[in-house]
Structure formats: structure tokens, C-alpha cells
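2 protein chains.
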Amino acid sequence: MRIPICEVTPDSERAEVAGWVHEVRDLGGLTFFLIRDRTGIIQVTIVKKKAPAAVLEAAKAVSRESVVRVAGTVKAIDKAPGGRELTPETFEIVAPCASPLPLDVVEKVPADLDTRLDARFLDVRKPRVAAVFKVRSTVTTAAYEFFTQRGFYNITSPKIVAAATEGGTELFPIAYFEKEAFLNQSPQLYKQMMMAAGFEKVFEIGPIFRAEEHNTVRHLNEATSIDIEVSFADHNDVMKTLEDLVAFQYAAVADRCADAIADLGIEFEVPKTPFPRLPYAEAIEIAARKIEEPIAYGDDLSTPAERAIGEEMGEHYFVVDWPSAIRPYYAMPYENDPSISKSFDMMHPRMELSSGAQRVHQHDLLVRQIEAKGLNPDSFEFYLQPFAYGMPPHAGWGLGMERLVMTMLGLQNIREAVLFPRDRHRVVP
Amino acid sequence: MRIPICEVTPDSERAEVAGWVHEVRDLGGLTFFLIRDRTGIIQVTIVKKKAPAAVLEAAKAVSRESVVRVAGTVKAIDKAPGGRELTPETFEIVAPCASPLPLDVVEKVPADLDTRLDARFLDVRKPRVAAVFKVRSTVTTAAYEFFTQRGFYNITSPKIVAAATEGGTELFPIAYFEKEAFLNQSPQLYKQMMMAAGFEKVFEIGPIFRAEEHNTVRHLNEATSIDIEVSFADHNDVMKTLEDLVAFQYAAVADRCADAIADLGIEFEVPKTPFPRLPYAEAIEIAARKIEEPIAYGDDLSTPAERAIGEEMGEHYFVVDWPSAIRPYYAMPYENDPSISKSFDMMHPRMELSSGAQRVHQHDLLVRQIEAKGLNPDSFEFYLQPFAYGMPPHAGWGLGMERLVMTMLGLQNIREAVLFPRDRHRVVP
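Here the protein sequences line up with chains A and Z, keeping their order. Counting in this note's numbering, the first sequence tops out at residue 429, every number present. Counting in this note's numbering, the second sequence tops out at residue 429, every number present.
Bear in mind the hints are in silico, worked out from the structure with no lab data behind them. This structure is a prediction, so every number in the text was calculated from the model and none was measured. Mixed in with the good hints there might be a few duds.
Footprint (simulated), chain A over chain Z, 3 or more residues, beta carbon under 8 Å [said to hold, decoys possible]:
| hint | region |
| --- | --- |
| 1 | 132–143 |
| 2 | 173–180 |
| 3 | 206–219 |
Positions of the beta carbon are idealized from the N, C-alpha and C atoms, including for glycine.
Working from the sequences, and respecting the hints, build out all of it.
What follows is the structure, given as C-alpha cells:
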């Protein structure tokens, strides 16, 4: 009966493990194998004079990164990983590995990102790379826990849609039978419709698609978005939910992914809540003081501006009270000064992670705001209809999963946070 | 401070609630409102002689399905829903509802499915319809719990892909910059690649897309699939995981969705495990005996065949040991009789819910099986590559979320299990 390698201890008397041949060192009379599964690494030691003939034969034939199954006796030994080694009575080659490998799993030869992504199944065998996806898995499952505990309903909105969320740009068209359709950019309109439906608190974690042409280290054409929408709530309420979620996700990773954090060799700290609230006007002042290029009230935050403000803040923070002119039509203007909106971005010192707002819930105001953005309300008919039939006040946000993982783990390229990234030049594997 | 309606008890002295005007009965000196939120319904009683003028004015002006916020004193009263009523001191119209409604929320006028789906935000206000999505939310979050408890990693595979899983049919093409791409039919190839990557136990719950032209009550063009893949496991191991999951999901619904089950007015029973294993050959015999149309060994199970066998079985069951000829190329043939495969379908008495198998993990056998299906191995290059570099034995399945919810709740049309269904004729709303 196979057990996970992490469960083999110096006190185990016998063990059967299965995994990949991570390294082989042949010292003549003695061969050391390191066998790796997703839980750890164990040393398998073969003394040529003592080992059964079948074990010797398999050990001689096996290549690195083959899958093997090994059973035998366990002995405590100081120098081996985990303080124990396995002396095999049986050694079976379960699945051989061809050579040469298209990618070196022990990273003696560094590879560029494209080569790594081309052979992603090998790249992800590196404990340091696998660690990213163990963390991402925990970040995702922790979000489900968090929202379930707080009484949110999980919803599934369609990914094939007939209309754009924010107008007609950056859409991937689909040939959908006889109709024109697109991949959805955001569940925005659907989660708002669920507020009209009376669901009150909803979340969705799913794919979004943006046909952005630029290729940067922080954009993807297919990404995962964590989205919520809450009725009878304002921007302040959902900012609190957002910082609580992020702190909960960090704490879950700290708690459940100690091995992965160790493999990554990073400092890991759970951010303290509440995150500071920085008014947009002040953010612009900081940027204007610190960056060379001109920036003024009414401008979006450029990448250098984000970086400069992030340096000054030094922790997660919110930029609040954005000018209505540079926010989407669905952001609620302040009653006493409609030129400013009840909207926010949640920032990591390195970059924006999330965008949200209290939404406009009044039908006629929404129509006026759509028109003010130069869009045609007729294209939003299915979306506008619910606002005439009892739409409660509501607020929400979208949080980028990949940017969250990227900033959490200090990754340099957002593609490092996706198993099979999609960008302008890559749809394979 | 607003509280959920379900938290107002006959013992509450005061309460503030917000929700939709479900019904209004004006008896002259007395007006009864039923106010609905997602947790329940409360009676709000206005005695015209006693109520404040502002309350009377709002109560007179408000239309059904408007959003209101009401605060006042609570009194125990036998005849009202929940045994209590609210006498308002304040009554605020938060969001008015236009009339006439495109759809009747209290269902005095029955509507056909298309009308309902066109105004889905109103349709879902019906407690009986909302109940379906409360259950679906629990079915989803319970799955995350189940897999997390069992040490599965959550993965996210790409939805935009360059190749088909099962050959070139039933794909939606996308205009992806300068390239040809498609919407993915299934995470099959990606979850198998994660076995080569050493992830051992993975799950994904996400959208799948099939350009099937036929319009039936049990097919969708965009659906949600619950997928797993497990290394060092065979078909029997993952069948056990599957029946355990389904029983866990039913138990979670029984435990957490009593109100929704009551709203639906259905009998609800958690299925007992293990589910019976019915060999394909015996299933064909049952069908041949019970249905009129000819059916023989080697045929797929037609809808009438599934129904006839389901009637005989009367509970969830597995059909096992399918002929290799009618299963996908990646299903593992039995060593002693390669004409039969280690594959299974998991059935509800009404229909198939899941399909799975131990997979072929040997590179050369896989190439032969792809060729035997008339497919070209060159089109599967990115998929085949991992099989040459240490691919462990593995098994897995995909489970249709909508069919699971549909059969769990006795829904007649699969569209009832999706908020915004996509079929040949529908991409809006």
C-alpha cells in the first residue's frame, strides 16, 4: 500500500512509495536515488552487494523523471532529506521517461519562460513551481470557505454573451451558430442582475476574457476573476469584505502551505486590516511629487504612478473617491459632488488587484451615465430592464486571482501564476 | 439596522427589514403587505387610523415588487407567515417597480420557459425558482469542501484552446488575434497533463462548451463540469470518490437547504453508497428486454434504453466495462480482453450524470488508440508529449453540474438548473 512520501518518518519500519526519479548518484558500490512525489522527497539507497537482482536491474535501467514504485525498509539517517532513507526490496519502473528531457527539472540549466511554458508539465515538477499552484489552490478554496461562511450564494454567469460590459472593445468574437456572440469580459452585468433577482449576496470565481493586444508581464487574455455583489450595501461595506477576504486568504496560505512557502524561499506575512484608504486626489499628489512624467487630477494611475504611490504606502491600500469621468458608467456618483464616485481600487504596493464601487441602481441615472460615456443605451437593453423593476442599492468588486497570487508570492511575471497562460502569442499547450 | 426577515421572530420587539413587495391586500381600514427577502416573508400590517401619515403615503404609492425598507414593532400573530407581523413606524420606497410586470412573480399567471428566461431576474424572485439556485450553490460549495478535505488541488485549465479533445466536431471557433482557436469542450487533456506534472489529485469546476446542434431538455451549449483526475488510481478508486462526492453533496443540501427543499415541495433523500455496479452487457440485456427499438451489444445507450434500465435499477448506479469501441481513445482497455475498457458511466435513474475511466498512460498504446479512432496523432502533439516523460497510471471522471442539480430536484428541463442558459437559440440575457 503506497503512502505519501511526507508520511515516511525516521520511525517508520517499512514503507511503499511511488513517485518520480528526481536525482541519481552512482558511487560504485552504492547508488542513491531521490524519489519525489507531491508531498516531498525521500532517499532510496541501493547497496549493490546486498540488493535483490531485480532491484539492481530496474535501478540500472531507470532514467531520471521516470515514475517508480519502491517498497522496503526504512532507516533513520541524519544526512538524508527528512532524516530517513529507504532500502528497497522491490523497485518497479511504472512509467519510463525519455531522454533528453526538453526541460531540466532540477534547474541546473536555467530555461527562459517560453521554453518552460512549452513543457509546462515538466516545469511544474520543480518543487518551486509546483509551490505556486499549491498556494493558488489554497487561495481559491479559502475564498469558497470565506464566502460560504458569510452566507454568499455561489453563482455561475454565462461566458458566451451577446453584449459587451463596457462597450465594444477588447472582445473575442465567437461563431455561435447563426448568431454573433462574444466571450464575456466580466460577470459585472450578470451579478448586478442577480441583485434585481433578490439574491442579495453573490460570488463567482470564473474565467474572464479580454482581447487586449498588448503583451505585458501583468496582463493575460484569459484570467480568473473573483467577483462579488452585495445588496443594501455601499462601497465601504464591500471594501471591508475585500480586505477581510484577502487577509483570510493570506492566513490560509500561511496556515496550510508552509512547505510551499519554504520551497519558494520567500518572506510571508499576513497583511493587517483595515487597509489604509487613500483619496484619489492625494494619490495623484504623491505620484506628481515622485515621478518624472506629468500627471494631474483626472488622469488614470500609470504603472510608474502606481509604483511610486505603492512605495510610499508600503502595504495593501485602497485608492478611493475617484473622479466619475474615469470610472465605468455603473459607478455611483456622490450625491453632494457627482464629479466624484463611490468607487475604489484595492492596491498591492506593486499594482492594482481589484476594482469596485457602489453601483448606480436608479434606472434613469444609469441611462444618463451610459449616454455620458458615449455608449448607446439600446445596446444594454437586457441589462437596463431589471433597473426599472425594483433594483436595490448594491455594491461589489472584482479581484484578479493571478495578480493576487503574483503579488502574494513575489512573482515577476503574471504567467507564473497560471498553469497554461493565454496571451497574444500563446494558445498551446 | 436591517436584519434578514428569517431572523424576525414572534419574540422580536422591534425590527427593520428590507425587501420586495411580494403581495398587497387592501381591506379598507387595513392593508397587509407581504415583504420578501432571500430568507423569507413577513407580513407588514398598516392600520389606516393609527399609522403615521408618511407610512400611509408610501404604502399607497408603492407598487408590487418594489424594494422597500420597513421598521417598526413586531407582534406575535398566529395567522401570518412565521407567526409574526410588523407594524411599521417608517416605510421607505427604496426602488420602485414599473408596471405591468413582464412576468408575474407570484405565478397566478403561468408563463412558458422562454418568457421566464427572457425576464430571468423576475423569474428567479419566485421562491420556488430561487430555491433551485440556493441548492446549486450548496452543491458547488460542498464539492469544494469535499475535495479540499481529501487533499485534491484545485486547478484552472484554459478555456481557449488550439485543439479539440475528442476530434474536430462540436467546437465553437474563436477569432483569437491572428490564430485559430476554440472554446474547450472539456478539461480532459489538461487534467491528464497535470498527472504528468505530479499533482496526483486535482479537481476543477468550470465551464465547458459544446457546439451541439440539437436542442433537447437535457443538453446545453455552455455547461458546468465537475472534473477530477487521480494518479496511481484505477477506475474503481475514482468510482468510489464519485459516489462519495454525490452522497456528500446530497447530504449537504439536506442539511443546509431545508427551506429551499420545502419551497420546491419535493421528497428529498440522500442516496446510499455504494451505488450498484451494472456491467454494460447486462445493461444492454435489460434494455433489449424492455424497449421496443432494437438494441444490441456494441450500441450506445439511447435515451429510452437509459430510461428502461434506470427504472429497473431505481437508484443511482454505475454502468461498467464498456466496449472499447464506443469509448474515447483515452480509456484503458482490460489487459485480458482489450475489447472491453476500464470505463464507466454514473447514472441517475433518469439519465447519465458522469463518465469516467482509468486512462491509458502508455505513450505507444495511446498513439495506437488515437489512430484506431481515425484521428491523427499529429494533432495531439502537445497532449501526447507528457506520456513519454514519466506519466503515472491515472483515472478520472467528469460530472455534469446541471444534470446533477436537475435530477436531484426533479426538474423537467436542464435550463431550469442554469441562471442564464445558452442553447442554439439563446445568448440573451
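Quick rundown of the hints versus the structure:
no.: 1; hint: 132–143; in the structure: holds (count 6)
no.: 2; hint: 173–180; in the structure: holds (count 6)
no.: 3; hint: 206–219; in the structure: holds (count 5)
Checked against the numbered hints given earlier, this structure breaks none of them.
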